[in-house]
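Engineer: Here are the chains, one letter per residue:
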Amino acid sequence: MNRYTEQRIFAFLARASAALILAVLAIVVGVTIYRGGRVFLTDPAVVITPPGSRYMLDGGGGFLHAVLGSLFIVVPATIVAMILSLSTAVYLQSDYSSERTSDVINMFLNVLWGTPPIVYGVFVLTIIIAVGAQTSLIFGVIAIAIFQYPIMTRYADEALRSAPDAVKEASYGLGATRFETAKVTIRAALPGVIAGIIMGFARGIGDAATVLFTAGRSTQMPGGPFDPATTLPILIFEQAASFNAEVRSHAYAASFVLIVAVLALIVASKLLAGRYARFTPGGRQ
Amino acid sequence: MTHDTDSVIRTDDLEVTYTGNREITALNGVGVDFAENRLTAIIGPSGCGKSTLLKSLNRLHEIQPNAEITGDVYLEDEPVYDTDEPLPEIRRRVGYVPQKPTPLPVSIYNNVAYGPKIHGDHSREELDEIVETQLRKVNLWDEVKDRLDAPGAELSTGQIQRLCLARSLAAEPDVLLCDEVTSALDPISAEQVEETLADLKEEYTIIMVTHSMEQAKRLADDVIFLYLGDVVETNDARSFFENPQNERTREFVKGHTAVEYDDGEDDVSEGDGSADEVNGDDADGSRSTEETESIPAER
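Sequence lines, in order, name chains B and W. So the first sequence is residues 1 to 285, counted in UniProt numbering. So the second sequence is residues 1 to 299, counted in UniProt numbering.
In case anyone wonders, no lab produced these hints; they're calculated from the structure. Do not take every clue at face value.
Said to hold, decoys possible - Cross-link-like lysine-lysine pairs, in silico, BS3-like; alpha carbons within 30 Å at most:
id	chain 1	residue 1	chain 2	residue 2
1	W	Lys254	W	Lys137
2	W	Lys217	W	Lys145
3	W	Lys254	B	Lys183
4	W	Lys217	W	Lys117
5	W	Lys117	B	Lys183
6	W	Lys217	B	Lys183
Unchecked claim - Simulated coverage check for chain B against chain W, where a stretch passes if three residues somewhere in it have a Cβ under 8 Å from a Cβ of chain W:
id	stretch
7	17-31
8	59-71
9	225-234
Said to hold, decoys possible - Chain W residues, not near chain B, derived (Cβ > 12 Å throughout):
id	residue
10	Glu23
11	Gly31
12	Ile188
Glycine included, every Cβ here is placed at the ideal spot set by N, Cα and C.
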């Protein structure tokens, strides 16, 4: 084959694959917005109305319980995971660990990252059984935090590693302690760190398997941290499997809420990262 | 050294070895004195241990893994290695200006205020005063006084390097280490930084690594010539350049040693992986050859 033909074929494949991805994304987002948005426009109250007593059967009321459940589970979980993952990521830098130690820990993190979320769910379930508790919001928080931790740590680690060494050197050269230098390095790596946190949040808010056994499939408003709760992904699964057409249409409305939340987060992270990139040496490309 | 000023900082049989994939001795039992309120230039071919010597003075090379050290450094007769004094205190007293102009990821103001902030409590007024004083010392105040809250990273490379100088001075060091601070700058910025250094050497003990013979001639009071981890000759600048004692120094001053470069040793012993270490032009003393690599001056 002629090398120019080869080149043309490759260029075609590259463009086609990009177009395919964009098309799939557009269809998913489009269908969700079209079908969910329709419910939304005709009956926007479903998002802020608590479910009726027989919601899954007759669609009475809305799904505020799952919206709140998602928020109350994923926001605290993200905060916990953020603190843990930033600490770990700092520990993995050469200031604290030898290269070998951080390689080993990184391997474990990869294993954790690759572990299916349902496994975390079952793991937390055994804790619930061991302590004789019931599925509740607080255990959902724990399971989601464990699930987010390796994701956020890997992002933070990469971001800290790509921060210029000269920043570290400058900070130490001014007589900063390791902790003060870590803060400066995090500041220099902030765009990447924020991206990791948002990614962890988005993955957490979209995950069903971790929550299934830990917070439950409650159809009632969560009243406190020890009440059963549920999140949007589980709700969507239940709604989509319902016999009632109205409940099924609510599944699209719930998907719409979820997808808009994730998109909004990504936009927010871009804006935030851009703000901080101004301060990063060489950050403005 | 041949003058009678007291030494502020001296090394005693300092030996630094990098134990990586292959073992490299970067400094071979170096014992040198650095005199107070003078500017000492460390010169020598790439990979000869210049940066290592500089960074070992405030133990900055320790942030790279795999550096082993024997011997000691004495700062006003107090040991730097064999001591209970916290490392950050030593590094405050021996400031370091990196080769690559790197602002901290904060505002211009906070770049300068960083050292004072971490080392003591200062009121806002005190900090304002420190920032202005230090920025004036490096001739940057007039250029940035209206935008102190702008990110340090938005300045030009030359301005950033002067900001780095001000930042180091604000920590009130006894000794200032400058690692090829003009090598990443365009000629005009480099000249400004040189002028600043010339002003500063009246009040500070400055130790600088330089690639440029011309720069050493212009700025240095004393010169240390390192070759492959050994001190070949130290002398006051005038005697050093006009009447070198050692054969190797004579060759280097004339510009012949430059061909004997060992590029491989560069990355490990200099540690900063700087691109401009590999060209063999430092002995000819022209600054312009060094500005072709490294970071672009304009962004």
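Engineer: Are the hints correct? Go through all of them and say.
Structural biologist: Okay, the hints, checked on the actual structure:
1. W:Lys254 to W:Lys137: Judged against 30 Å, a Cα distance of about 35 Å means the pair is violated.
2. W:Lys217 to W:Lys145: 33 Å, violated
3. W:Lys254 to B:Lys183: 47 Å, violated
4. W:Lys217 to W:Lys117: 37 Å, violated
5. W:Lys117 to B:Lys183: Roughly 14 Å between the alpha carbons, so the hint for W:Lys117 and B:Lys183 holds.
6. W:Lys217 to B:Lys183: 40 Å, violated
7. 17-31: Result for this restraint: violated, n = 0.
8. 59-71: With 0 residues closer than 8 Å to chain W, the stretch 59-71 of chain B misses the three-residue bar; violated.
9. 225-234: violated (count 0)
10. Glu23: Per Cβ check, W:Glu23 is outside 12 Å of chain B; nearest 17 Å; holds.
11. Gly31: 24 Å, holds
12. Ile188: 21 Å, holds
Going through the hint list in order, the structure does not satisfy hints 1, 2, 3, 4, 6, 7, 8 and 9.
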